[in-house]
Amino acid sequence: MTGRDPDPEDQAGEKGKNPDDDIIRIEKITKVFQNARTVVAVDDVSFTVRRGEIFGLLGPNGAGKSTLIRILTTLMKPTSGTASIESYDVTRDPEKIRARIGVCPQNSTLDLELSAYDNLDFYGRLQNVDDATLEARIPDLLAMVDLSDRAEARVSTFSGGMRRKLEIVRAFIHRPSILFLDEPTIGLDPESRREVWKQITHLNAEETTIILTTHYMDEAEKLCHRLAFMDQGRLISLDTPENLKRAMPGGDLIEIGFDELKEGILPALQAHPSVVSVEVKDQKLLISAHAGSSLLPQILADFSRLGTPVRSVSIRSPSLEDVFIYLTGKKLGDPGVSGALSPEGGS
Amino acid sequence: MIRGALAIFRRDMKKFISNPFVMFITLAMPIMYLIIFGNAIGGTITGIPLGVVQEEPYTSPTPLYEAGLDALTGFHQPGNPALFAVTVYSDENIAREALATGRLMGYVVFPSDLVPGRPVRLYVDSSEYTIPALIQSGVAAVLVQVQAENPLFVNNIYGTVEYLQFFGVGVIVMAIFMTTMMGGGIALIRDRELGITEGYLVTPVKRSSIILGTIGSGTVRAFLAGFLIFAVNIIIAGVLVKGAASFALVLLVLLMTSIGVTSLVVALSSRFSNQQEYASTIAFFNLLLFMTSGAFYPVIGIPGWLSWITVINPEYYAVHALRSIILRGQGINVIGTDLIALAIFSLGAIALGIMTYRRTLE
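In order, the protein sequences belong to chains A and B. For the first sequence, this note's numbering begins at 186 and goes up steadily by one. For the second sequence, this note's numbering begins at 288 and goes up steadily by one.
Please keep in mind that the hints were generated in silico from the structure rather than gathered at the bench. Some clues are possibly wrong.
[Claimed, not checked] Cβ-Cβ distance ranges computed for the label pairs, FRET-style:
| no. | chain 1 | residue 1 | chain 2 | residue 2 | range |
| --- | --- | --- | --- | --- | --- |
| 1 | A | D316 | B | F296 | 24 to 32 Å |
| 2 | B | G591 | A | R339 | 51 to 59 Å |
| 3 | B | V519 | A | R222 | 32 to 40 Å |
| 4 | A | R339 | B | K493 | 25 to 33 Å |
| 5 | A | K383 | B | K302 | 40 to 48 Å |
| 6 | B | D299 | A | R339 | 26 to 34 Å |
| 7 | B | K302 | A | R222 | 18 to 26 Å |
Ideal Cβ positions, reconstructed from N, Cα and C, are used throughout, including at glycine.
Bound conformation, chain B alone:
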């Protein structure tokens, strides 16, 4: 028994050592986990975009407003940059609009001094994780700091959003990625490993046909997985989609995300000839893209050197678009950018996949 076990052990170790790529990925993975996980999650959140406005009727800035604005701008945790990136608005309606379209995470309305003791109103985008609490405690601390007697009136504009609801939307995107990893790319690699490619490379089928066909089948599977998690979200996390238009928009985002992520995975797989190398690489990308997508933790908390990844990360746009529709009830005006980003990303990945696919056996 021992001899047999040793034989198996030796064989596996020989294979492991003879494949430097897999060895590197295997050893680098835990280190990457540490670095990316550690930095993308639980990072210090600073520079929250906050609006400040003084209530109508406006005559001149009140002392409370001036002191408050000053204190909010300078407010910071010890050793950290300012908590808020403050923008001053002259009109509450403009601030409301900025909050509704996601340009602000919250805004503070200081009362005019016609009647003393009127409350300071705080409007917060409650769909984000930890940020609403940070804003609320920050503003409360500032009011104490400037010795204002006025009460603080907090309005969570999207109601109370549970972490499960916040995270659930991210899981939709993860489901899409995981399915793609199993579906889209692996089919190409299995064909290559089993030698089936040699059979169809001698037919007139075009490179683009092979890539588009593979992306197509992968997209359908990814879309179904994403939709399933979306449905589970509705049942378990209790998220609500307001109206048929929003529902259609969710489906559109799911579809575009599925195409984008599948294209990426297929593009990566077009060069691999070994399932192990492919799986290691995809697992790495999965970690990197999911952690920096904002699915777990607000993107604003990711340190600068890592946050550039969010800019080219299709999952970031997907998570943002889905949260905008599902948690904030926003429409195409807010998620238009996300859709454009996903489209550009998909086209780039498809082109890369077609260009790198080998039409010969060399």
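Chain A with its partners taken away, still in its complex shape:
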């Protein structure tokens, strides 16, 4: 019952052993479900999460994201491998971990029969937050998500967006050092999604490490400092969004519309060292090139030198979706993209 009291063991010792301040370490975690058939939901995954970052776990449904989150949040035991949070092992010290994490699971776990205030109050008490602190913090949290005027209303009367926001601040009631958000914006309208993003950024600014899973690329790109791609239980790639995109062999994609293609333009374009490939398609030139924005003036110069009028120009960086397709050979949003649907039904 002492849960959150800082014991001396926390303060000294263990933490000092993390020179690079990795708040989560995952080593060779595997999770196998033995039901009617054997499903490897998480397959030999290792990575670390740094203190204070927003870390994204990306992948299609059934990639093993939620299972990994459940292992980290002590709801499931790994079949093999180890994971530690703040130097506490998930299987040996689950109680220590539970006092340090906040979790917003994929499916709503709010008690619909209780008011917004009572939901927060209930979790605050389970987290051993003392009465005085709780009394001060609950109105703050409700104000943070614009639910102050609905404090005493039953959650069953709330919209999906309101429930989600309430659940996110509920996970934060005990000021955890790590916040796990499993698909925080699934099923929300664009307005609500933006508000949830605002909350996530806001909580991160208060030095909370945030782990979020999503299969929305824009969300990952907007919020996350680093991203891990998962597919069929395996970790495919891990880096910052920029580096992931930079790792694409094609780099940026430049599209130039034309009426008539003069001879000599293709060789001229291919002569640029940063150009990877040039393709003609439907009155358009598709140029893949590294550092596309700095190359574009030179390409336009080539066109005017050879007397080819340019009808349109567009340049775009590869999206994370492009990266994912490149890495796995399949689209992220595809249902059944992975054969391994994990038993919990979600991702």
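Guided by the hints, dock chain B onto chain A, whose structure is given.
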């Protein structure tokens, strides 16, 4: 309309067939009803503990006493074991004490032969159902059998107890069980079904806290229900509680019963993840425990193979304790065993509930 009805029908049947547990319980329930109802109620009552004593001043056993004792010991309905389990007492005061503390259901006092024609006195625990009548008719038949001229003087030591009063006490226990079924356990299962558990399993809350908290809230509700029926009993059945001490004792028994039964139900629910399975199981337990508790019919009439259940049945102890206080005006000396049994049962159920509760999602 037909197509829609068929769609609903097909869906429900698919669910029914795909859940073997519920299917089994659904089909087994009527059979269990038949077996348990049939055996626990209306069974042949034999072996009624009866005391026999000869009146003071005692010189030597009278012929009437000897013939009577012999006839009572051997008295039986055709094809059944002896109706009475006879114990001989040398002192009427000891027999009275044994009756007052529930060790005897009645005792017969045969007159000394100083004055002929003095009545044979019969003292009966009148708080039980059918047993007083059986004793009375049995003793009367024996007197006819031994051709005694003496009149039979019957003393119902707890006055006339109506069946409503006898049964009403049992209903208090049933109210507690029914409330627990709706209250205590279902909350845990609803949380699990709705996925709310996943929310609080990631907090540092302990298994024991979850179980004790659930038992606590269930106990309060069960206690209130039990108390309500107790109050109704006083008004409608006209039972009387003699004094504040007895009243306090009733409340204590209600509380201990509520804790015991709630703990049992919560312990059972700690593993279920489906309301239907849980409700079927609890309905089964409810039947089994209530029928063998003695609430309807004297436990003495339950056949041996079924009566072992009464030994581990908290409702049996609860019914016995409540009847002792309410109908017989007995005190802690008589119901002490019941309270100890209820306490042991509660502790066992709480421990079972905590041990079987899953702290993870697996």
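Do the hints match the structure? See the list:
Judged by the Cβ atoms, the range 24 to 32 Å given for D316 of chain A and F296 of chain B is violated: they are separated by roughly 53 Å. The beta-carbon spacing between G591 of chain B and R339 of chain A, approximately 54 Å, falls within the hinted interval of 51 to 59 Å. As the Cβ distance of V519 of chain B to R222 of chain A is approximately 57 Å, the hint placing it in 32 to 40 Å is violated. Checked against the hint of 25 to 33 Å, the C-beta distance between R339 of chain A and K493 of chain B comes to roughly 28 Å, which is consistent with it.
Range check, K383 of chain A to K302 of chain B: about 43 Å between beta-carbon atoms, so the 40 to 48 Å window is met. Judged by the Cβ atoms, the range 26 to 34 Å given for D299 of chain B and R339 of chain A holds: they are separated by roughly 30 Å. K302 of chain B and R222 of chain A have their C-beta atoms about 23 Å apart, which keeps the hinted 18 to 26 Å range intact.
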